[in-house]
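**Q** Spelled out from the first residue to the last, the chains are:
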Amino acid sequence: MTAVAAASGRSATHDVVLEVKGLSVTLRTPRGTVRAVNNISFQAQAGQTLALLGESGCGKSMTAKAIAGLLDPVADVDGGQMILNGQDLATMNARQRRKVAGPQLGIVFQDALTALNPVYKVGTQLGEAFRIHQKLSARQARAKAIELMHRVGIPEPESRVDAYPHQFSGGMRQRILIAMAVALNPSLLIADEPTTALDVTIQAQIMALLKSLREENNLAVVLITHDLAVVAEEADTVAVMYAGNVVETGPVAEVFTNPRHPYTKGLLESVPVDAVRGSTLSSIPGNPPELHNIPSGCVYQSRCPLVQEVCRTTRPELLPVRPLTATDLPAGGSGADVRPAGVVERAAACHFSKELAHV
Amino acid sequence: MSDTQVDAARHQDRPLLEVKDVTKTFHVAKSPSGNNRLRALDGISLTLGRGETLGLVGESGCGKSTLARTLMMLERPDAGTVLFDGTDPFEMHGKELLAWRRRVQMVFQDPFASLNARMTAGEIISEPWRAHRDMYRSSKDREARVHELLHLVGMRPSDARKSPQEFSGGQRQRIGIARALALDPDVIILDEPVSALDLSVQAQVLNLLNELQDRLGVSYIFISHDLSVVRFVADRVAVMYLGRIIETGTAEQVFDSPRHPYAAALTSASPRLDRSSGGREKIILRGEIPSPLDPPSGCRFRTRCWQAQDICAEKVPPTDQAPGSPLHLSECHFPLDTIRVRSGELTPTS
Chain Z
1 MTAVAAASGR SATHDVVLEV KGLSVTLRTP RGTVRAVNNI SFQAQAGQTL ALLGESGCGK
61 SMTAKAIAGL LDPVADVDGG QMILNGQDLA TMNARQRRKV AGPQLGIVFQ DALTALNPVY
121 KVGTQLGEAF RIHQKLSARQ ARAKAIELMH RVGIPEPESR VDAYPHQFSG GMRQRILIAM
181 AVALNPSLLI ADEPTTALDV TIQAQIMALL KSLREENNLA VVLITHDLAV VAEEADTVAV
241 MYAGNVVETG PVAEVFTNPR HPYTKGLLES VPVDAVRGST LSSIPGNPPE LHNIPSGCVY
301 QSRCPLVQEV CRTTRPELLP VRPLTATDLP AGGSGADVRP AGVVERAAAC HFSKELAHV
Chain U
1001 MSDTQVDAAR HQDRPLLEVK DVTKTFHVAK SPSGNNRLRA LDGISLTLGR GETLGLVGES
1061 GCGKSTLART LMMLERPDAG TVLFDGTDPF EMHGKELLAW RRRVQMVFQD PFASLNARMT
1121 AGEIISEPWR AHRDMYRSSK DREARVHELL HLVGMRPSDA RKSPQEFSGG QRQRIGIARA
1181 LALDPDVIIL DEPVSALDLS VQAQVLNLLN ELQDRLGVSY IFISHDLSVV RFVADRVAVM
1241 YLGRIIETGT AEQVFDSPRH PYAAALTSAS PRLDRSSGGR EKIILRGEIP SPLDPPSGCR
1301 FRTRCWQAQD ICAEKVPPTD QAPGSPLHLS ECHFPLDTIR VRSGELTPTS
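Chains as they are written, first to last, in the numbering used here: chain Z, 1 to 359; chain U, 1001 to 1350.
Just so you know, these hints were derived from the structure itself, not from any lab.
The beta carbon of each residue, even a glycine, is placed where N, CA and C say it ideally should be.
All clues given are correct.
Distance condition first, Cα-Cα at most 20 Å in a straight line; then the derived DMTMM-like pairs of lysine to aspartate or glutamate:
1) U/1162 to U/1127
2) Z/265 to U/1274
3) Z/99 to Z/88
4) U/1315 to U/1294
5) U/1162 to Z/290
6) Z/211 to Z/147
7) Z/21 to Z/76
8) Z/354 to Z/317
9) Z/21 to Z/317
10) Z/121 to Z/158
11) Z/211 to U/1281
12) U/1282 to Z/215
13) Z/211 to Z/15
14) U/1282 to Z/236
15) U/1140 to U/1123
Negatives, chain Z to chain U, calculated, CB over 10 Å:
16) 19
17) 43
18) 69
19) 146
20) 309
21) 354
Pulled from the structure, derived: some chain U residues nowhere near chain Z, Cβ distances all over 10 Å:
22) 1037
23) 1046
24) 1075
25) 1096
26) 1097
27) 1123
28) 1216
29) 1293
30) 1296
Bound conformation, chain Z alone (with noise of 0.2 Å):
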């Protein structure tokens, strides 16, 4: 119950609850050691979503994955710190994390059907968390496993809690994952392609329920998702992700209006938005370097257009970009004082970043 009390009380405000800093993830191949997440740094604030946004590969499952603990056995953490609520995840011990898991930070997987297990009912998968944190007894968790599924909207829980996962359609497997991250009251969730599997009208139920228990409790939200016009509906602040590398972040509504990296600005361009029929999409040409084999210098230079000598010899960091307003403060200050508090600051990690807001 104190966990409960706690959520409760906890208050509207953005705080921060989970900084990754310098994230580094690193994969062994039967090709060598390669580096799956690069360096990677972003916040999440409470009532808020934050999208980790890339394409197949570019490393945003793999950092929901370290954060989570639940990297494969061949990826390990490579530097780099995850501090949830105040506490470092990437220094505990897997005892450490486990307690951690469950009452501070919940995942929903993309595939509903491979997430949950087959052979048990769903009642006892959802019970689980509930005997195993707060040593609840079998009959205690059953009634809330019915007040779970009861709160994510799945009708009649009180006869389906002793059905299998194989009974239920994609969209109501999705809201028994749902169910299971939010058991234990979380500050965080991680949402890992939540609807990628979903048709389009169970798509929008998914998403209005994420939504409605972000705000019930507050809840800071990672959204990973390859679809640009999913972060535009539902997240704050987007992360967009690159071979491994965040190459731009900020708040969504500026990022996509102004995108300030070239690659975001080829993604957004790439998508059909009142694109007239028989004409040509623009497109970017080529594909994303392969994890073995990515350059020394920006990781996006193969692809873009504006490339020069220096994007080649020297990989960009990722540095604040203000809008380029009459009302701007001098070049050099700080970019994160002008902003009100609780605001994601902009950053782009490209050497012509100042050239794009122009474009």
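Keeping the supplied structure of chain Z fixed, place chain U upon it in accordance with the hints.
**A** Just chain U, lined up with the frame of chain Z:
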């Protein structure tokens, strides 16, 4: 001579493909209500013109794939007719049938599953000619054509010797398209051709498909759940729900002024990039698609419809023409008319 002229004229008017009242039922395990007949297609009618793209949208289980398989002659309809260029392929046999099969080809969703990993790209593209031997008789001709096809889909002749594993998803999908083009088809059925691809690559493939259509005059049936993609490629759109086409019209008609509540909900629920519409209220439907084994009586959408009345449970809604747009059809007792279709401005092609 006049006979051939008349023939040619008729050839021009007649749609390339005409599907009328096609029904397909599968026998499956019994449902809780004791029904074992799954009606995947329940009276489907559509037409496809030459060089036209028909977008087919709908959620899983609505019958899109069964329709595609029927058009490929992989399923035989229980009732109704399929007319391809005026003749019914299901009546054909032997050589005639073989010649027909050449004219309809398919591109599949998953480029990692649809190419044989043990063949080279060149072998994959030329494999259709093993069934259609008379197309390119010498190996030299075949090789030249493979190179031509690779060039057509934006790849290099040297790629013919590589195996699928050496290519990215987008390149694999290009190989799949080249294979579909190998037999010079009139119609290509594209089953979610870009949904497995990354966004940046998706745009490349969509551009390629549009370009190929301009050049070759091939017709597409484009199946997709992504409405922004369908809008970009399709001349006309058909929205399916539980085995029926519940609305059809031009892409603008269906997406901008939907008549059927389901089409409206689908359009509204699709995430959109432009934040200008961020303030809009989404129509979030209750519940999920009912099982096609036990479809609702009357209007099949009524269990999820916010404006359902008693009549919706009793009567199957008639086909309704949008005012001023005779080819914008929907099946609803109470079609939406909040947004008026400006007649005259939109002239549907067919």
